[in-house]
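Note that the protein sequences, when read in sequence, are chains A and B.
Residue numbers in the first sequence follow our numbering, run continuously in steps of one, and reach 308 at the last position.
Residue numbers in the second sequence follow our numbering, run continuously in steps of one, and reach 264 at the last position.
Some hints here could point you the wrong way.
[Claimed, not checked] With a straight-line Cα cutoff of 30 Å, these simulated DSS-like cross-link-like pairs (lysine-lysine) come out: (1) A:Lys111 / A:Lys87; (2) B:Lys35 / A:Lys116; (3) A:Lys87 / B:Lys5; (4) A:Lys123 / A:Lys5; (5) B:Lys5 / A:Lys116; (6) A:Lys157 / A:Lys174; (7) B:Lys25 / A:Lys123; (8) B:Lys15 / A:Lys111; (9) B:Lys15 / A:Lys110; (10) A:Lys74 / B:Lys22; (11) A:Lys111 / B:Lys22; (12) A:Lys22 / A:Lys32; (13) A:Lys123 / A:Lys67; (14) A:Lys74 / B:Lys5; (15) A:Lys123 / B:Lys19.
Bear in mind the hints are in silico, worked out from the structure with no lab data behind them.
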Amino acid sequence: MIELKNVCKYYEKGKKKEIILKDISFTIGDNKVIALLGPNGSGKSTLIKCICGVIKPDEGGVFIDGKNSFICRKKIISGMGVVFNQKPSFIVDLSVNDNLQYFKAIYGIKKEEYAKNFERLNKYLDFSELLDRPYRKLSFGERVKCEIASVLLHNPKYIILDEPTIGLDYGVKKRLYNLLDELKKEGHTIVVTTHETEYIEGICDEVVILSDGVIKYYGEPEKVLDINGNIKKITVEYDEVIDEELAREIEGKDFCKKNPNGLELTYYNAREKNKIISDLTSAYDIKKLNVVDTSIREVLEDVIKKIR
Amino acid sequence: MLLRKYVSLLKIAGKFELKRIKYYKIDYVINLFGKVMFLLTNLLFWRILSNIGYELKGWEYKDITVFIAFSELFYGLENAVFSMSSRFWRYIYSGNLECGLVRPVDTRIRFLLLNVDFVGLICTIIEFVTILLICHINQSVLCIIAGVILVLCSNIVLSLIRLCMSYTAFWHGRMDAISEFADSLNTFNKYPLVIMPRPVILIFKILLPFYFFSTFEAELVRGMMDTKILLTSLAMFVICLLFWICINNVIWRRGLERYEGING
């Protein structure tokens with residue numbers, strides 16, 4: 001279990017203190033997947049570094065299975081697999097296989113366990129053909145695949161991934177989330193920071209949305225709909241405009257977007273549903289009107305967009 | 001358990017070195033040529049001094065040759081194993097430290113092990129044995145082994161000092177000058193430090209390990225000091241070693257507490 005208790009982090013900017021994380025508290029239970037979301041500079045990576053004990057919080061602390069992650073980093077780190085996407089941990093002039101053998105020695109992975117884990121990871125990340133190539137000659141996406149594989153080879157209990165999907169193509173990205181889903185079912189605890197909300201709904205038990213170092217939302221992804229007024233999407237197809245002034249007013253609103261076929265797509269709050277439908281029917285001779293729930297992904301993106 | 005892990009990492013680093021030799025043959029050949037040239041010019045320098053009748057506080061050419069043997073051993077070990085400790089600041093400054101901290105095994109030791117120059121190490125051993133054979137000394141093997149161990153320990157102390165300097169990157173970021181400054185400490189290995197005034201020698205025994213780079217070892221092997229001085233010097237060296245181990249750990253911990261991370 002990972003517990004964050006009143007985590008605060010400040011950086012010194014001249015004589016001033018810049019707040020990076022402010023009073024962050026939440027708990028990640030065993031066998032859970034949690035996504036940290038938020039715009040750039042919201043404190044996601046700093047929080048990840050606090051969780052794995054690389055950075056010491058100025059106040060509060062992170063406790064992994066009851067142990068302070070900064071103080072007991074050496075003890076807990078062998079049970080963790082951490083990827084910092086933008087930093088290579090491989091030796092650049094050696095082949096991928098040499099590097100993996102090196103990590104095998106570092107984690108003390110037994111031959112059979114290594115072979116088993118390698119096979120499983122290769123099934124999802126498809127990196128076996130890169131083994132003989134020097135790391136420096138790999139593309140960014142290929143490097144990311146190898147980095148992820150290298151931290152999962154020892155089958156860690158805690159998997160912490162800082163923007164693991166950057167540089168990956170759609171297929172690998174999808175397979176990576178399938179892998180995380182499988183690992184979750186096996187009892188691993190996963191923390192992932194991402195800007196991509198596409199896969200969150202299916203795999204994440206909880207999401208934390210950060211903005212300026214403060215938690216804006218913490219809870220199940222589905223519940224984000226409740227607190228954001230159950231946003232729905234409305235699709236309108238009309239024959240002609242009845243009330244031009246009203247139509248102009250509707251189309252002028254930022255939630256109205258006209259597509260080339262003359263259809264109106266409107267995102268709106270369900271509480272105002274009746275008023276908007278009434279306005280639409282007054283303004284247009286409606287041919288087709290469709291009201292659907294927006295996906296969690298769309299709502300999460302909307303929330304992040306609003307706090308950006 | 002931990003020692004076994006370090007040994008296995010060292011073996012892997014050795015394999016990596018062999019692969020690097022295969023990849024970068026020319027670089028290794030030139031490197032080897034450079035080492036031989038350096039040694040020959042060094043021996044020639046002291047030979048010329050000896051021929052013109054220059055004597056260093058009772059040190060004969062044979063003593064000087066033993067000094068050169070230990071001095072070369074020190075340099076060789078320094079370059080082959082410990083030289084990266086003064087470059088450690090780059091690791092901190094660039095943020096690669098984070099990748100090291102999230103893997104088991106002390107990131108500093110991993111950093112040094114991965115950068116061991118095995119070819120340089122083998123050359124150093126060959127060089128050391130060759131110089132001792134050339135000067136036909138008839139000292140006990142035990143004394144020579146003790147000298148080698150002392151050189152290795154003084155390398156460790158210097159490495160600890162260099163690491164301490166590198167840790168300043170936690171506070172001050174880019175520390176390019178540190179590498180140059182730390183390398184300049186090797187100057188105290190160019191000549192026997194018996195030429196220094198007594199107070200300086202005392203400092204170089206207790207606080208800084210310079211006297212033990214090669215002067216002390218040459219004196220030990222050539223039987224140039226009595227038992228009392230030998231034992232007190234060794235005691236001073238132990239104090240020096242412990243002092244730097246403690247200082248190193250304190251600054252490292254403080255630095256980690258201060259570390260702010262790179263890239264968010």
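Which numbered hints are broken by the structure, listed smallest first? Checked against the structure, the hints that fail are numbers 2, 4, 7, 10 and 13, while the rest are satisfied.
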